[in-house]
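Protein chains: 2
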Amino acid sequence: MLRNVTLASMALALGAMLGQVSADDGDQELLATAQQLFKPLPADFATPQRMLTAEKVALGRQLFFEPRASLDGTMSCAACHQASLYGTDGIPKSFGVQNRAIPRNAATVLNTAGQFVQHFGGNRQDVEEQAMRALLSPLAYGNPDYATAMAHLKAIPGYAPLFAAAFPGTADPITAENWATAIGAYERTLVSAGAFDRYLGGDTAALPPQARRGLGTFIATGCAGCHNGALVGGTMFQRFGITTDYWTETHSTAIDKGRFVDTKNDADLYLFKVAPLRNITRTPPYFHDGSVATLPEAVRVMAKTQLGKDLEAADIADIIAFLDSLTGEIPQHFREAPILPPGSFVALPVK
Amino acid sequence: MLRNVTLASMALALGAMLGQVSADDGDQELLATAQQLFKPLPADFATPQRMLTAEKVALGRQLFFEPRASLDGTMSCAACHQASLYGTDGIPKSFGVQNRAIPRNAATVLNTAGQFVQHFGGNRQDVEEQAMRALLSPLAYGNPDYATAMAHLKAIPGYAPLFAAAFPGTADPITAENWATAIGAYERTLVSAGAFDRYLGGDTAALPPQARRGLGTFIATGCAGCHNGALVGGTMFQRFGITTDYWTETHSTAIDKGRFVDTKNDADLYLFKVAPLRNITRTPPYFHDGSVATLPEAVRVMAKTQLGKDLEAADIADIIAFLDSLTGEIPQHFREAPILPPGSFVALPVK
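Chains as they are written, first to last, in the working numbering: chain Y, 1 to 351; chain V, 352 to 702.
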């Protein structure tokens, strides 16, 4: 957590400086500060360990929209991560197969691969692990085992050549590992750059005046202490509720113990991954449990619980103008549904 | 039913003629016969009573993908009618809100507006009635009343201007009737023309030789007696199981009484709408209950139960080559998800 404190202190110090310079100078100062705290989005989230190929991405795109690998043939990644809703489902908490209640909100899939871990509790290391384990999660795809999940795909003749093209030189490429690699490859291309990236590139006019003012307020208030990097979040864990228990402000109907749920380590009590704020104005409701429906209220809650501050309505409006500049273009290969190989879903006996 | 008999007799007579002409003449004879029985798809299914406007279609497209007008925020038209699966969901029988089991298969939304009635039992007059009643159906959107359904939409600020643009000059345009009109307008544009339409336009080479042979077999066998018109079906009711009870061939796990379920009229026992065959090779599983997973088996069952014929495997293969020519282009404004106005789904109290 040392790094968090350092960043937060720096943000506050830089924020204080902003009050002392003229408007024009201020624009350049603000840009310089923002360039320190944030980064433009990359073209994709490939890594040396996770190289992308056109075949892997194309297969992963199909598998992302594919419902027939789930227990009852109804669940796909796209079911909860809808392009129409900027990669979310618009409801506080999602549902898996057979209407099973998921205890947390479905975060957007846009830019998600750029985070240091996946899920609100950080219990998935990367998008590949997330995709693979979703196949068996009772609250997601609900398969009894990987063999059953893959048997569904093997029953659709069109998939064999697609897996063979994406994973050449293997005898039986329809595996859960390859499913995960392909979906991960696709998700690593779901990047939504926008006005803020142009701003960080030096085009200060890419942000309207209120958004720039809001950026200054965002930094001066201390938000950027945790919400930083290319995703404006997704770089660290943080306790939700530093100065106030979060549920007193969110009115959550259930208290979620955060990372503690997985680790059972007291130090992880109420620790959550800091949410990326890219596309945040388009992805209500807010927080791990979707307990807050609107962004002004979410910003108020954050300032109150994390920084002990009561923000003025005008400051909240400015911050939201800034946050709106984090809205990006939805990649066309997400908005446009791929055509899936035909084949009836056939329920398989559960051992 | 007089019209059906006339068409069926004509189809059989024309089919018999096909055996008596030379190959080249046969191509033109076959085309002429096909032009009598079938029609190219129109550009859209607008009618004088259901005129389309760009604003209505655009709004309808958004509402088609909109899950937040349902009881729990999970059900949209697009949930069961996925562009990836040619407007179907790939499972035998679909599920509504809260995993409620729908007793019938989700037919494709492509070209559906061109049918004489909607639903397998024909209990919806047109796509508008279908959309409107889905809002309240316990097995679809599950709303307790139209006011609740519309309250969900009114809670999303972005919808007011869209409804106002589509339905100008009305004080409160967010109504269930307008919801239905808009979705209907969109569905009336979901037309998927393809090779068969080019063939009917005179380009005999648009169909490969096996498909043309299959077309001849389709007509000669008597299939076109019921499967005719622009949709190659969707023009009449017919008893499923004329020469054999259907369930002895489909091995259906439940016996569905068809149109009788709604009318309680003995004459409607086992009567179903004749399914359109457009895109049929892309939309398994088959029949009202999705009881048959593959098309060769579905063609066999049809010939057996409707015409008392045992088709040879080669004839079935030819017929399927013809049916594949009924696959069309999926309209881009269906494949590409619209962007919906942001807003959290908020569960409303059910009175």
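Just so you know, the hints here were simulated from the structure itself, not pulled from any lab data. A few of these clues could be false.
Said to hold, decoys possible - The calculated DSSO-like cross-link candidates involving lysine-lysine, where the alpha carbons are at most 30 Å apart (straight line), are:
| hint | chain 1 | residue 1 | chain 2 | residue 2 |
| --- | --- | --- | --- | --- |
| 1 | V | K608 | Y | K93 |
| 2 | V | K390 | V | K615 |
| 3 | V | K608 | V | K660 |
| 4 | Y | K257 | Y | K309 |
| 5 | V | K390 | Y | K93 |
| 6 | V | K505 | Y | K154 |
| 7 | Y | K39 | Y | K304 |
Unchecked claim - Some chain V residues near chain Y, calculated using beta-carbon distances under 7 Å:
| hint | residue |
| --- | --- |
| 8 | G424 |
| 9 | T425 |
| 10 | S435 |
| 11 | L436 |
| 12 | K444 |
| 13 | F446 |
| 14 | D596 |
| 15 | T599 |
| 16 | P689 |
| 17 | P693 |
| 18 | F696 |
What the hints assert, rightly or not - Example chain Y residues on the side facing chain V (calculated, C-beta under 8 Å, incomplete):
| hint | residue |
| --- | --- |
| 19 | Q82 |
| 20 | Q98 |
| 21 | R198 |
| 22 | P284 |
All C-beta atoms in this analysis are idealised placements derived from N, C-alpha and C, irrespective of residue type, glycine included.
Results for each hint:
1. V/K608 / Y/K93: violated, 39 Å
2. V/K390 / V/K615: Answer violated: V/K390 to V/K615 is near 34 Å, above 30 Å.
3. V/K608 / V/K660: Measuring from Cα to Cα gives roughly 23 Å; hence the hint holds.
4. Y/K257 / Y/K309: holds, 23 Å
5. V/K390 / Y/K93: Roughly 48 Å separates the two Cα atoms, so the pair is violated.
6. V/K505 / Y/K154: violated, 45 Å
7. Y/K39 / Y/K304: holds, 27 Å
8. G424: Since chain Y brings a Cβ to about 4 Å from V/G424, closer than 7 Å, the hint holds.
9. T425: holds, 6 Å
10. S435: holds, 4 Å
11. L436: Holds - the Cβ of V/L436 comes within 7 Å of chain Y, reaching about 6 Å at its closest.
12. K444: This interface hint is violated because 10 Å lies over the 7 Å limit.
13. F446: holds, 6 Å
14. D596: It is violated, given that the least Cβ distance between V/D596 and chain Y is near 22 Å, above 7 Å.
15. T599: violated, 20 Å
16. P689: holds, 6 Å
17. P693: holds, 5 Å
18. F696: holds, 5 Å
19. Q82: holds, 7 Å
20. Q98: At about 5 Å, which falls below the 8 Å cut-off, the nearest Cβ of chain V leaves the hint on Y/Q98 intact, so it holds.
21. R198: violated, 20 Å
22. P284: With a closest approach of 4 Å, the Y/P284 hint holds.
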